[in-house]
Amino acid sequence: GAVVSQHPSWVICKSGTSVKIECRSLDFQATTMFWYRQFPKQSLMLMATSNEGSKATYEQGVEKDKFLINHASLTLSTLTVTSAHPEDSSFYICSARGWNTQYFGPGTRLTVL
Amino acid sequence: EDQVTQSPEALRLQEGESSSLNCSYTVSGLRGLFWYRQDPGKGPEFLFTLYSAGEEKEKERLKATLTKKESFLHITAPKPEDSATYLCAVLPSLSNDYKLSFGAGTTVTVRA
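Line by line, the protein sequences give chains A and B. Reminder that position 12 of the first sequence reads as 12 in the numbering used here, one-by-one numbering, no gaps. Reminder that position 110 of the second sequence reads as 1110 in the numbering used here, one-by-one numbering, no gaps.
These aren't lab readings, by the way, just hints derived from the structure by calculation. Glycine is no exception: its CB is placed at the ideal position from the N, C-alpha and C atoms. Warning: the hint list may mix true and false statements.
[Stated by the list, open to error] Think about it this way: if two alpha-carbon atoms lie no more than 16 angstroms apart in a straight line, the pair counts; the simulated EDC-like pairs of lysine to aspartate or glutamate are:
hint, chain 1, residue 1, chain 2, residue 2
1, B, 1069, B, 1056
2, B, 1042, B, 1001
3, B, 1099, B, 1001
4, A, 20, A, 65
5, A, 41, B, 1055
6, A, 55, B, 1097
7, B, 1063, B, 1017
8, A, 14, A, 87
9, B, 1099, A, 59
10, A, 41, B, 1009
11, B, 1069, B, 1055
12, B, 1079, B, 1039
[Said to hold, decoys possible] Negatives, chain B to chain A, calculated, CB over 12 angstroms:
hint, residue
13, 1011
14, 1012
15, 1014
16, 1026
17, 1045
18, 1054
19, 1065
20, 1072
21, 1083
22, 1111
Assemble the whole structure, with the sequences as input and the hints as a guide.
Set out below in structure tokens:
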């Protein structure tokens, strides 16, 4: 149980385009989901917290207009990186709040050329 | 401010050589302490939740313990497949959004 999926697992895009990443809780409902970013050999950096049916709460320094988060249902949250640039290249990981912890997805590797 | 410090930063072990990882924390009331395992290029995999001092949890070769100021993850007779980065995280009692504070992790390498 407590499986979280992400799609796509990797994506390559051109600078200036937008990319959408989906995060799904497959076998449980998650009122709260989280989006993280991870650079090589570094720990997780929380970007935002999303609650189903309400606006996401962004961490300090994260541009909410650049990283659009939508949590439209109890099993789906999406992160859209708008007008992506090479510095947005990173490993993006979502998690979903389960009954006793956060359960993480497998991550999405974004490369912006 | 909540703080989580993991040590050592990296640990190289011979297969079968038991060792322990440390997670020291400062938090205004602990609701839970979590251990995760992360393999390269993958998301963290949940291992344990500990709620109160004195609590212990075990899974295969891993055993997690908790005191009022720190947690240990003991790896007994490790195998090469135990090689990974182990992350510790805390959830403060006052948190109403379930945000975790993570440590930087300990990267364990087990040689055959």
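Hints, verified against the model:
1. 1069(B) x 1056(B): holds (15 angstroms)
2. 1042(B) x 1001(B): violated (29 angstroms)
3. 1099(B) x 1001(B): Since the Cα atoms of residue 1099(B) and residue 1001(B) sit roughly 13 angstroms apart, the hinted pair holds (cutoff 16 angstroms).
4. 20(A) x 65(A): holds (14 angstroms)
5. 41(A) x 1055(B): Since the Cα atoms of residue 41(A) and residue 1055(B) sit roughly 31 angstroms apart, the hinted pair is violated (cutoff 16 angstroms).
6. 55(A) x 1097(B): Judged against 16 angstroms, a Cα distance of about 13 angstroms means the pair holds.
7. 1063(B) x 1017(B): holds (15 angstroms)
8. 14(A) x 87(A): holds (12 angstroms)
9. 1099(B) x 59(A): Given pair residue 1099(B), residue 59(A) holds - Cα atoms ~11 angstroms apart, limit 16 angstroms.
10. 41(A) x 1009(B): Answer holds: residue 41(A) to residue 1009(B) is near 11 angstroms, not above 16 angstroms.
11. 1069(B) x 1055(B): At roughly 13 angstroms apart (the allowed maximum being 16 angstroms), residue 1055(B) and residue 1069(B) satisfy the hint.
12. 1079(B) x 1039(B): holds (15 angstroms)
13. 1011: Holds, since 15 angstroms exceeds 12 angstroms.
14. 1012: holds (16 angstroms)
15. 1014: holds (23 angstroms)
16. 1026: For residue 1026(B), whose nearest Cβ neighbour in chain A is about 17 angstroms away, the distance exceeds 12 angstroms, so it holds.
17. 1045: violated (7 angstroms)
18. 1054: About 18 angstroms separates residue 1054(B) from the closest Cβ of chain A, which puts it past 12 angstroms; holds.
19. 1065: Non-interface label stands for residue 1065(B): nearest chain A Cβ at 18 angstroms, farther than 12 angstroms.
20. 1072: Consistent with the label, residue 1072(B) stays out of reach of chain A, its closest Cβ about 19 angstroms off (over 12 angstroms).
21. 1083: Holds, since 15 angstroms exceeds 12 angstroms.
22. 1111: holds (20 angstroms)
Violated hints, in rising order: 2, 5 and 17; the structure is consistent with all others.
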